[in-house]
Amino acid sequence: MMILGPIGFAAPWLLLALIALPILWIILRAIPPAPLRQRFPGVALLLGLQDDEAVSDRTPWWLLLLRMLAVAAIIIGLAGPILNPDDNADTGDGPLLVVVDGSWAGASRWAQAMEAVDAELRRAGSAGREVALLHLADPDAATFQAANAAVARLAGLAPQPWQPGALSDMTDALPDGSFETVWFSDGLEYEARPDILAALQARGPVRVTQTGASVVALAPAIYEDGTVQLTARRSAPGPERGVTILAQGRDPAGNAAILASANAVFEDGATDAQTALALPSELRARITRFEIQATRSAGAVTLVDDSLRRREIALIAGREGREGLELLSPLHYLERALVETADLLDGALGDVLPANPDVIVLADVATLSGGEADAITEWVEEGGMLVRFAGPRVAASDISRAEEDPLMPVRLRSGGRSVGGAMSWGSPKTLAPFRENSPFFGLTVRDDVEITAQVMAQPDPTLAERVIAELSDGTPLVTRKRMGQGQIVLFHVTANAEWSTLPLSGLFVEMLERLAISSTAARPAAEDLEGTVWTPQIVMDGFGSLRDAGAMPGVPGPRLVTDPAGPDLLPGVYTSTDRSLARNVLTADATLVAATWPANVPVSGLTNRPPQPLGGLLLALAIGLLLADVIASLALSGRLTGGLRGSRTASVAVALALAMPATDLRAQTTDDTALNAAVEVVLAHVITGDRQLDEIAEAGLRGLSDTLFFRTSVEPADPIAVNLETDELAFFPMLYWPITPDQPRPSREAYAKLNDYLRSGGLILFDTRDGDIAGFGSASPNGRKLQDLAAPLDIPALEPVPRDHVLTRTFYLLQDFPGRHLGGEVWVEAAPPGAEQIEGMPFRNLNDGVTPVVIGGNDWAAAWAVTSSGQAMLPVGRGFGGERQRELAYRFGVNLVMHVLTGNYKSDQVHVPALLDRLGQ
Amino acid sequence: MITPTTLRAQAETQAARLPPLLARAEHLAGAVLLGDHGRRRSGMGDDFWQYRPAQIGDSRRMIDHRRSAMGDVQFVREREWQIAQSVMLWVDQGAAMRFASGPDLPTKADRARVLSLALAILLIRGGERVGLTGTALPPRRGNAQILRLAEMFSEDAADDYAPPEHRAMIPHARAVFVSDFMGDIDAVKLALTKAADRGVRGVLYHVLDPAEEAFPFRGRTIFESVGGTLEHETLKASELKDRYLSRLAARKDELQALCSVAGWQYGIHHTGSSAQSGLLWLWRALDGGVART
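Going down the list, the sequences are from chains A and B.
Note that the numbering used here has the first sequence beginning at 1, numbered continuously upward.
Note that the numbering used here has the second sequence beginning at 1001, numbered continuously upward.
Because the hints were derived from the structure by calculation, they are not lab data.
Owing to the predicted nature of the structure, the values given are computational and were not obtained by experimental measurement.
Careful: at least some of the hints might be erroneous.
Between beta-carbon pairs, the in silico distance windows are [claimed, not checked]:
#1 A:Trp25 to B:Glu1233: 25 to 33 Å
#2 A:Arg37 to B:Ser1246: 23 to 31 Å
#3 A:Gly624 to B:Glu1233: 45 to 53 Å
#4 B:Leu1280 to A:Asn676: 54 to 62 Å
Examples of chain B residues toward chain A, derived with CB under 7 Å [to be verified]:
#5 Ile1056
#6 Phe1099
#7 Met1182
#8 Arg1220
#9 Thr1221
#10 Ile1222
#11 Phe1223
#12 Ser1225
#13 His1232
#14 Thr1234
#15 Leu1240
#16 Arg1243
Even glycine gets a Cβ: it sits at the ideal position worked out from N, Cα and C.
Chain B with its partners taken away, still in its complex shape:
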């Protein structure tokens, strides 16, 4: 079980290798909060953007005299349009995530948490606001938020398959759902629908264990869920493999379809591969321009 401090340390390690993430917002509505996030256009930020000649309507106070003294025309210093982006995270804390097939593989929950927190660090470094879906931890800026996020991630939920938290989503923000999505697909559908309603775009990251992909069981087996709620007995496990795999593929396709309908992105990560690759994918997914299918 990863403690909050080690979780942070691991996440910092992951995040240290990537440049700060700049998330792009497609449109702004409502109240805009000023932040460090430069928008590559002039606006009301802190950083310098460009000099432009003064026009009628600009207040005299905005004239930059240093630049104007170089020529005849009066110049106004423009600042970059900076806006703070909100990113909401949800990591599945259910018991089913606390499963690893081998002693040298991390549990799915560990991997999910590390990836999410690394992502959060990158975002916060880039000036975004990161928080959790639901009311427990609304998005905020600052390093303290990383600690709070780590703390929240370390809480385990008791039930086997937790449904995605879809409440209190800030409109037009971004969201990242990290889970194994083995549970009820309807909850996921509900969450995505609500998110689409609010205009939240995001990433669905499917974390799986290699054993769940490969199904290497043989012989007479009683399968139990990690939380102990579900049970299935079979006399010959090798016979079930094909059908299980087809079911798994069907689940993935369903999730993919949901995402494309909702305008989200869908990614799969196996705990057997490196966390760096997962983080890279997440980063590009959030940084990408048009929503990819």
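So that you can see chain A by itself, here it is in the shape it has in the complex:
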């Protein structure tokens, strides 16, 4: 490949053809353009005409230039130009070792790094070198093999959530012999890096590739002063940059959600960014992890353990401390021990239990009332911890003497033991070292803890397993029993310093911590975790994704805190009995240091400019130029515009240039019809399935709408066909329902909708359309169908329209309601039996509302039907009488719609004088 500046040519010898271009120019210039053959009858008149000059029409120079450019573009395009060619001019010989750091720091750019490794392997393969792959964080023995095999192994590489370990792990992973090394570094400094570099340099030249970007990680979250302190760190100081930290957790429904987010800004040149998140405690308790947005690496994720939660502890004392004598108060030392790390609840037991505290401490409380005892028992069984301290009252009472009290872990001996007092027989006792099965195992027993008096436990078969702390002579000091999901712990001494110096010492706080009474604010030091074993619950991989730990082995406490992360100490959440501790990639005091390489190691960045082939572009350009040449030639020979057949080609070219995309028509959606129906008054008819009937029904309602529009103030929009199954009925004041025997029966949901519609004041006009041949009833198939359809409907009792029904006078004064047929009966809701005519009024006041149904057989839609031009569609009657009948049918329709819209408005007394006038009385 020949490289000419930023462009490399794959087939450079083709460029020799460019020499031919000037020759082409000369040839083309000399040759006149091809003649046009033209059919022309006037040639008879042309015969004998000579050309004035023997100069031929030359091709104009710009057309030649266009053609030259097109040919040049073709030649260069075929020569295969490539922008940013990767010049591997310095590919060496011999085996190549590709070393990948593979720690969490490279996880965010893992895909890019893998692409670069892949390119390197392929280059080595094309040069015929053997390659080996070494993953420093997860070292396997690296053997030299063909590049293809190494490329296949590449897919199995994944970043690990720890930094590479010591050199000693890798020495046997390094292959023998001398080799060149390409090191894809993550950019972070770790302890073993210089040693590994030295070892590799001893074997051959080393080349390093790393991104210049700084690695961002999150330090563990700390809860102090009511806010959660978050610290983000980056490896290299740089310009100002903001990162968003998200708090991920579960929402109350249990779904994973982002609960909060905070912005941390790295100042110009700073490597730390801090931010504080103030959250209510319920939200805090639900957070599972913090992560930096859009960074996919284990370092950017901080897992959250109990440290963010504060336990709620209720302290209840048997006797109140007198003011001024706080030091003697039973709760004083407890409060001092717990106030910083827990929320303390004060109050009576009855008030405190509904608040569901995590721990209830009863300091020297002997007897509890039955209700209180039951409540506490229930609470303990659901997972609460009851801590009881002994005292004079407990010693003086007879609780748990004869038999074990449900709320005491052991039976007590009557009379406490006073040691070192007036009647003691020995010196004050000290604590024995804690046993292995005790939660206090690993705590150092201090000499300043002396016990002078305590209540004694009665020896019982179950005593041995309930003792978790004892004196040096084996007397139980702290006993515990489990009840349900909770536990009851009894300290056999007082909570203040009366009987022992335990509350005065730091061991007290530690013991409370061990019992998970207090929540740890600061990270526990290694000594605090002495003797505990922690099993992982959730672990994290290099990309920061969490997975269940399964059956991974436990880790001793001190190692959890001090050891660096490794294959046997994955970052994650570890639990031990009731406590949970999160081990993150970054400890609280760890800093990120960018890797620095000695001067003799060439460092390059990941190439982010891939080679770009330009051949396609140039060939496309050539085609464009040739098209332009075609158009120009046509123009020159006069065929493009104004020529004999030129308009055809011009129109073709124009049509090719403009390709108008067809706009798709959007039919009116159901939302639009619903909107239309809701905004305007719309008459609706029920779809029966019989197309002709539906058309007549729609035409009828259209005619009625037009009549209403002309004569009244009701201005309906176009009628709508209603599908009872799918459409919403609430928009329509009236439903016209023509009956045919083969209509589909509506479904149950449709009937429910119809009943709702009727109940909320809608009106259905049933039209059996056979008023000329049958009366109302089952005499005709339409009538039977009507009975069948109307059976599930909530229809009141019906009667034929009485002479003083409001329907007869809502707009016009009518007495019969003809449609296409005359004389059929019309049925409406029956009047209540007691309706009487008031003196002076020409009508009775019948129903208050609108009759829910009007049933008849006069085929009103056919009488109302108009064509789109406004003429009557179907004949009614004969001659003038028929037109009169049609007019009366319209009047009935108007009356009906007025009745629907206004109810019994016309039954008002205010209309009586006018009505009396009109009725001629």
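With the hints as your guide, set chain B onto chain A.
Using the frame of chain A, we list chain B on its own:
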């Protein structure tokens, strides 16, 4: 290519807009055939002309008794002098006529045929006898003649420039020659001379394509005649335009001079303009009184 039926239909459309044509004959000689063509004077026709008092020499049978009963004098009903006029048509069927410069222009042959047939229909409606020059279709009356004319018009001749058919011209008839007259001018001269000898008066209708008038060609061109017999090559067509146009004008002038000598009328029609205008001109030309120059 227009089929006979469509040709007739188009021609009927054109002719439907004009009143029947009444051609005027200047003098009668020889055998006179009675026809529907009224001569605005009394004669032996069918239509009523006037009543005149009976004179000595009229046979008694000619007295119109109805009119005479109104007065004392005997009246004789006179009938109009009706005579049938012969019109002979010739349309150039040569290949040069089958040329159109654009897709939306009719070929010259189409336009010529439509105009001629429309004219024929008008004449036949007016009672004239229409036919073709030559012996193929002598002038006859009747609608069937229109069909025959349409059929004859649809025949194409093979040669490029057909000379006008001048044989079998009926003396003192009218003639209409429709052509592009691009061919040999001597043939036209011969035809007109013969026609003038026979006393045939007529119309020379020059049908041209707009491209032939404008000569919009540029560049290196080889011009061919439609029939392929003639060819002319040029290196720069735009240079020829002026000289071609002057030649065309000279041809037109020649034709005009011939017509004025022979007592014919000369008209130019371009296929770009409407056929209606052409037909109007033809109608007026045939209906006009004195021969116009």
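Now the hints, each set against the structure:
Distance hint check for Trp25 of chain A and Glu1233 of chain B: the Cβ-Cβ separation is about 27 Å, which falls inside the suggested range of 25 to 33 Å. Between Arg37 of chain A and Ser1246 of chain B the beta carbons are some 25 Å apart, a value that agrees with the proposed interval 23 to 31 Å. The beta-carbon spacing between Gly624 of chain A and Glu1233 of chain B, approximately 35 Å, falls outside the hinted interval of 45 to 53 Å. Judged by the Cβ atoms, the range 54 to 62 Å given for Leu1280 of chain B and Asn676 of chain A holds: they are separated by roughly 58 Å.
Restraint check, Ile1056 of chain B versus chain A: the minimum CB separation of about 66 Å is more than 7 Å; hint violated. With its C-beta approaching chain A no nearer than about 5 Å, Phe1099 of chain B sits inside the 7 Å limit, and its interface hint holds. Restraint check, Met1182 of chain B versus chain A: the minimum CB separation of about 5 Å is within 7 Å; hint holds. Because the beta carbon of Arg1220 of chain B sits about 4 Å from the nearest beta carbon in chain A, less than 7 Å, this interface hint is met.
For Thr1221 of chain B, the shortest C-beta to C-beta distance to chain A is roughly 5 Å, which falls under 7 Å, so the interface hint holds. At its closest, the beta carbon of Ile1222 of chain B sits 5 Å from a beta carbon of chain A; the interface hint therefore holds under the 7 Å criterion. Annotation: Phe1223 of chain B was flagged as interfacial toward chain A, and the flag holds, the nearest CB pair being 4 Å apart, inside 7 Å. Using the Cβ-Cβ criterion of 7 Å, the hint placing Ser1225 of chain B at the interface with chain A is satisfied: the shortest such distance is roughly 5 Å.
Restraint check, His1232 of chain B versus chain A: the minimum CB separation of about 5 Å is within 7 Å; hint holds. Given hint, Thr1234 of chain B at the interface with chain A, holds; its Cβ is 6 Å from that chain's nearest Cβ, closer than 7 Å. Below 7 Å, beta-carbon pairs count as interface contacts, and Leu1240 of chain B has one with chain A at about 6 Å; its hint therefore holds. Among the interface hints, the one on Arg1243 of chain B holds; its C-beta lies about 5 Å from the nearest C-beta in chain A, closer than the 7 Å criterion.
Going down the numbered hints, you'll see the structure goes against 3 and 5, while the others check out.
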